[in-house]
Amino acid sequence: MLRTDRMNRFLRRQYARGRRANFGYWLPPDGVRLESKIARTALPHILAADERRDTVLWPCLFNQWPDWTWGLQGTGDCVAWMVKHRLDVLLAVTIHSKLARIKVPAQVVQEAVYGFARVEHYGRPDYGGAGTYGSAAAHAIERFGILLRQPYEGHDLTRYSGRRAIQWGRTGVPDELEPLAARHKAVDRVAVTDAETAGALVQAGYPVDYCGHTSWGTHRDQDGFARRFASGAHGVTITGVRYGSRPGFWVANTGHGHHVSGPVGPFPVPDVYAQCGSWVDWDRCERVFRAGDCFACSLVAGFPRMAVKDLGTQEYLG
Amino acid sequence: MKPTTLLAVGLIVAGLVAAWRPAGPRPTPAPTPPDEATRAIVADLRGQLPPEDGRRLGAFYSALADVIERDAGDLIDTVARVRQLNRRAGLLMFQRTGIAGKYPGLAQQIDRAIARGMGLEETDEGYTDVELDAERIERLVRVLRAIAWACRGG
Chain A
1 MLRTDRMNRF
11 LRRQYARGRR
21 ANFGYWLPPD
31 GVRLESKIAR
41 TALPHILAAD
51 ERRDTVLWPC
61 LFNQWPDWTW
71 GLQGTGDCVA
81 WMVKHRLDVL
91 LAVTIHSKLA
101 RIKVPAQVVQ
111 EAVYGFARVE
121 HYGRPDYGGA
131 GTYGSAAAHA
141 IERFGILLRQ
151 PYEGHDLTRY
161 SGRRAIQWGR
171 TGVPDELEPL
181 AARHKAVDRV
191 AVTDAETAGA
201 LVQAGYPVDY
211 CGHTSWGTHR
221 DQDGFARRFA
231 SGAHGVTITG
241 VRYGSRPGFW
251 VANTGHGHHV
261 SGPVGPFPVP
271 DVYAQCGSWV
281 DWDRCERVFR
291 AGDCFACSLV
301 AGFPRMAVKD
311 LGTQEYLG
Chain B
319 MKPTTLLAVG
329 LIVAGLVAAW
339 RPAGPRPTPA
349 PTPPDEATRA
359 IVADLRGQLP
369 PEDGRRLGAF
379 YSALADVIER
389 DAGDLIDTVA
399 RVRQLNRRAG
409 LLMFQRTGIA
419 GKYPGLAQQI
429 DRAIARGMGL
439 EETDEGYTDV
449 ELDAERIERL
459 VRVLRAIAWA
469 CRGG
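Residue numbers (our numbering), protein chains in the order written: chain A, 1 to 318; chain B, 319 to 472.
Think of the hints as simulated: they come from the structure by calculation, not from any bench. Backbone N, C-alpha and C fix where the C-beta goes; we use that ideal spot for every residue, glycine too. Be a bit skeptical, because a hint or two may be false.
What the hints assert, rightly or not - Not the full set, but computed from the structure, chain B residues with beta-carbon under 10 Å of chain A:
id, residue
1, 321
2, 325
3, 327
4, 350
5, 353
6, 418
7, 419
Stated by the list, open to error - Covered, in the sense of this in silico footprint (three residues per stretch, anywhere, with C-beta under 8 Å from a C-beta of chain B), are these stretches of chain A:
id, stretch
8, 41-49
9, 310-317
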């Protein structure tokens with residue numbers, strides 16, 4: 001049996017006994033996932049790309065924020081870190097593609113994602129532990145929006161605070177900030193349930209969640225793929241795809257500090273980004289997608305494909 | 319035979335000879351010259367190609383324009399699909415004809431002309447993939463016809 005299935009059964013038993021695991025990821029309650037469209041059927045234009053090509057999205061991130069660095073979770077808010085990084089990369093790609101409507105581009109506040117997911121969306125912060133799940137966070141940023149890393153009146157959100165995450169995870173995001181968050185809502189949430197669609201989404205410029213019972217690298221081999229793994233209930237972000245003889249996804253675990261070492265493989269990776277990520281084999285990721293709690297979204301209605309590299313003439317005229 | 323009969327037969331023969339044309343391929347009608355603005359976009363392409371290859375490429379882009387015009391956005395509704403159509407139709411038309419690699423830089427010039435004609439934004443990643451509304455389709459058809467015109471020497 002797949003480890004993901006074992007984990008899901010374990011978590012279901014916990015639910016049945018009215019308990020929650022005391023870590024950063026919960027299994028979504030039955031039915032929640034069904035409220036989302038499935039990317040494979042909802043986004044035919046993304047899957048219709050006539051060729052699959054290796055794509056990495058972090059150049060846009062570092063182009064937008066050259067000083068980007070990883071952080072350290074202050075509580076079991078990995079799912080919020082996952083969604084924050086997905087949105088940061090998406091925002092950078094969207095700005096790069098000149099489609100963004102956010103006038104003050106700043107990174108996303110993960111404490112707000114966490115609070116919205118646990119309290120405002122799920123409505124039950126008294127579960128007895130830290131954490132949330134992918135579906136709740138994906139719904140929350142669509143229903144309630146996002147806050148940006150900047151000073152707001154009465155709230156300086158320029159830096160991450162684990163204490164704030166814990167507080168907002170219990171009481172929700174302060175009411176006075178909710179209208180400000182509502183100015184920037186994610187749109188077109190889709191569940192990503194297979195690796196092929198995840199690859200097509202990354203190729204089109206959309207990072208994807210990697211959420212559930214997951215494995216992430218701690219040391220990379222010569223090819224940049226994870227050779228040693230940590231695993232458990234966790235949420236991290238996929239920001240690259242590669243095909244060829246050894247297909248896989250770049251998994252960025254941005255909330256665990258510097259914890260990965262080894263060669264990065266064929267694509268240049270900034271040192272600070274390599275310290276918190278690795279390529280992970282296709283099949284390993286496929287199992288997580290199939291478990292059903294991974295999402296993608298857009299900041300512009302209709303999931304536009306961000307760019308085509310050329311208009312195809314070179315293919316026949318050389 | 320009376321002279322009048324002889325004259326009548328002669329006139330009939332002359333008429334038949336005058337009406338006869340040897341069978342052969344009809345030349346493709348020359349495309350209509352584009353307007354000034356579109357002509358400027360394809361100016362670099364003019365006079366680059368020898369007549370034979372110019373005719374082949376011109377016929378291709380002319381046909382591509384006709385197909386896109388008739389489709390009117392039903393199938394070819396995004397820039398990505400334009401790329402797909404151009405790539406696949408071009409490969410089918412020109413593979414193993416010896417034209418690939420014969421004119422360095424021509425493909426990029428044609429891509430740029432199409433993008434400029436459509437008003438596409440160029441980024442480091444390529445061209446922004448947008449949906450094609452009626453105006454954008456009309457601009458695409460116009461620039462493809464202009465490319466056909468320029469390939470044939472303008």
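Q. Holds or violated: is there a CB of chain A closer than 10 Å to the CB of residue 419 of chain B?
A. At about 3 Å, which falls below the 10 Å cut-off, the nearest Cβ of chain A leaves the hint on residue 419 of chain B intact, so it holds.
Handout entry: Restraint check, 10 Å cut-off on beta carbons, for residue 350 of chain B near chain A
Key = violated (23 Å)
- Task: Under 10 Å, Cβ to Cβ, is where residue 353 of chain B needs to be relative to chain A, so tell me if that hint holds or is violated.
- Result: With Cβ-Cβ at 22 Å, over 10 Å, it is violated.
- Status of the residue 327 of chain B interface restraint (C-beta, 10 Å, chain A): At 57 Å from the nearest chain A Cβ, residue 327 of chain B fails the 10 Å test, so the hint is violated.
Let me know if the C-beta of residue 418 of chain B comes in closer than 10 Å to any C-beta of chain A, holds or violated. The hint holds - residue 418 of chain B has a Cβ within 10 Å of chain A, the shortest such distance being about 4 Å.
key: Assertion that chain B covers the stretch 41-49 of chain A - criterion: three or more residues, beta-carbon distance below 8 Å   = It holds, with 3 qualifying residues against the three required.
**OP:** Count the residues of the stretch 310-317 of chain A whose CB lies closer than 8 Å to any CB of chain B, then report whether that count reaches three.
**Re:** holds (count 8)
Item to complete: Closer than 10 Å between Cβ atoms is the bar; does residue 321 of chain B clear it against chain A? Give me holds or violated.
Response: violated (66 Å)
Given residue 325 of chain B was flagged as interface, is its beta-carbon under 10 Å from a beta-carbon of chain A? violated (61 Å)
In summary, the numbered hints that this structure violates are 1, 2, 3, 4 and 5.
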